[in-house]
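Asker: Sequence:
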Amino acid sequence: MAELSMHDHQQALRHYQPRHFDWQCSEDGRIATITLNRPERKNPLTFDSYAELRDLFRRLPYASDVRVVILQGAGGNFCSGGDVFEIIEPLTKMTMPQLLEFTRMTGDLIKAMRRAPQPVICAIDGVCAGAGAMLALAADFRLATAEAKTAFLFTRVGLAGADMGACGLLPRMIGTARATDLLMTGRSMSAKEGLDWGFFKELFPPEELHARAEALARSLADGPWFAHGITKTMLNQEWAMGIEEMIESEAQAQAICMATQDFRRAFEAFAAKRRPQFEGN
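Counting in UniProt numbering, the sequence shown runs from 1 upward without gaps.
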């Protein structure tokens, strides 16, 4: 019986064929770009696009090629949230079990984004509202333009600001008082506020946004990407830990990284005064 390799469980995703958004990969397959492509409606999500995004992010831990994901919108806007007529109106006619199935599905997308080992970069221009704001919040990096307007609009339609993890994620990023303001009023956070509060990493002119996102993605994809995945895992796990558990968990995580060939390659490159080549093993 042939020996089973762990690589047999992996799959290349560079040729993935999406149904409800655009998907492109760099020539080496390391950088994938998801583009929400309904610009005439400011790129809203539908039941189908929610589900496909959830399923795609669930597959990413098993990707043999993709190391970084860029998420963006077409036509000068990021995402206007759930489509008013394709999601909001049908929700008003659903039973409680159906509603719970939907809200759990949207939350599953956020969980899948956080669990994917690949860093996720959101490139945000124009409208970034409702579920779109939650996609941005779930990402690891957010680059934006000065025209970006981010709003957690749930109260505007009579719902709680507690949606898709907003009440847990947003206060940790920008502070409880600021999160309370945004989640209760539904007002837009300006790009400058987002930058000052740490929501956005940097602001760029619209014509530079995608190139800047690609440059960041390339630096991460060519870096110690196995270790980046460990860092992301620890950022997620340590939220609910005490200091003893944190330090022990990081001791284990770092020992794992020290056992990789990437760690040895980095030392040898440093000693030889050359740039290291990381292979993720």
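It is worth saying that the hints were derived from the structure and are not from the lab.
Think of the CB as a built atom: it goes at the ideal place given N, C-alpha and C, for glycine as much as any other residue.
It is possible that some hints are incorrect.
Claimed, not checked - In silico BS3-like links for lysine-lysine, alpha-carbon gap of 30 Å or less:
{"#": "1", "residue 1": "Lys111", "residue 2": "Lys93"}
{"#": "2", "residue 1": "Lys149", "residue 2": "Lys111"}
{"#": "3", "residue 1": "Lys192", "residue 2": "Lys232"}
{"#": "4", "residue 1": "Lys192", "residue 2": "Lys273"}
{"#": "5", "residue 1": "Lys111", "residue 2": "Lys201"}
{"#": "6", "residue 1": "Lys201", "residue 2": "Lys149"}
{"#": "7", "residue 1": "Lys149", "residue 2": "Lys192"}
{"#": "8", "residue 1": "Lys201", "residue 2": "Lys232"}
Claimed, not checked - Okay, the calculated beta carbon distance ranges per label pair:
{"#": "9", "residue 1": "Lys192", "residue 2": "Arg59", "range": "19 to 27 Å"}
{"#": "10", "residue 1": "Arg41", "residue 2": "Met105", "range": "14 to 22 Å"}
{"#": "11", "residue 1": "Leu159", "residue 2": "Tyr62", "range": "33 to 41 Å"}
{"#": "12", "residue 1": "Trp197", "residue 2": "Gln254", "range": "40 to 48 Å"}
Asker: Does each hint hold? Answer for all of them.
Answerer: We went through each hint and held it up to the structure:
1. Lys111 to Lys93: holds (27 Å)
2. Lys149 to Lys111: The given pair, whose Cα atoms are some 24 Å apart, holds under the 30 Å limit.
3. Lys192 to Lys232: holds (26 Å)
4. Lys192 to Lys273: violated (40 Å)
5. Lys111 to Lys201: holds (22 Å)
6. Lys201 to Lys149: Cα-Cα ~15 Å, so holds.
7. Lys149 to Lys192: Distance of about 10 Å is within 30 Å: holds.
8. Lys201 to Lys232: holds (17 Å)
9. Lys192 to Arg59: 19 to 27 Å: The hinted range 19 to 27 Å is violated for Lys192 and Arg59, with Cβ atoms some 37 Å apart.
10. Arg41 to Met105: 14 to 22 Å: holds (21 Å)
11. Leu159 to Tyr62: 33 to 41 Å: Once the Cβ atoms are compared, 35 Å apart, the range 33 to 41 Å for Tyr62 and Leu159 holds.
12. Trp197 to Gln254: 40 to 48 Å: violated (30 Å)
Violated hints, listed in ascending order, are 4, 9 and 12; each of the other numbered hints is respected by the structure.
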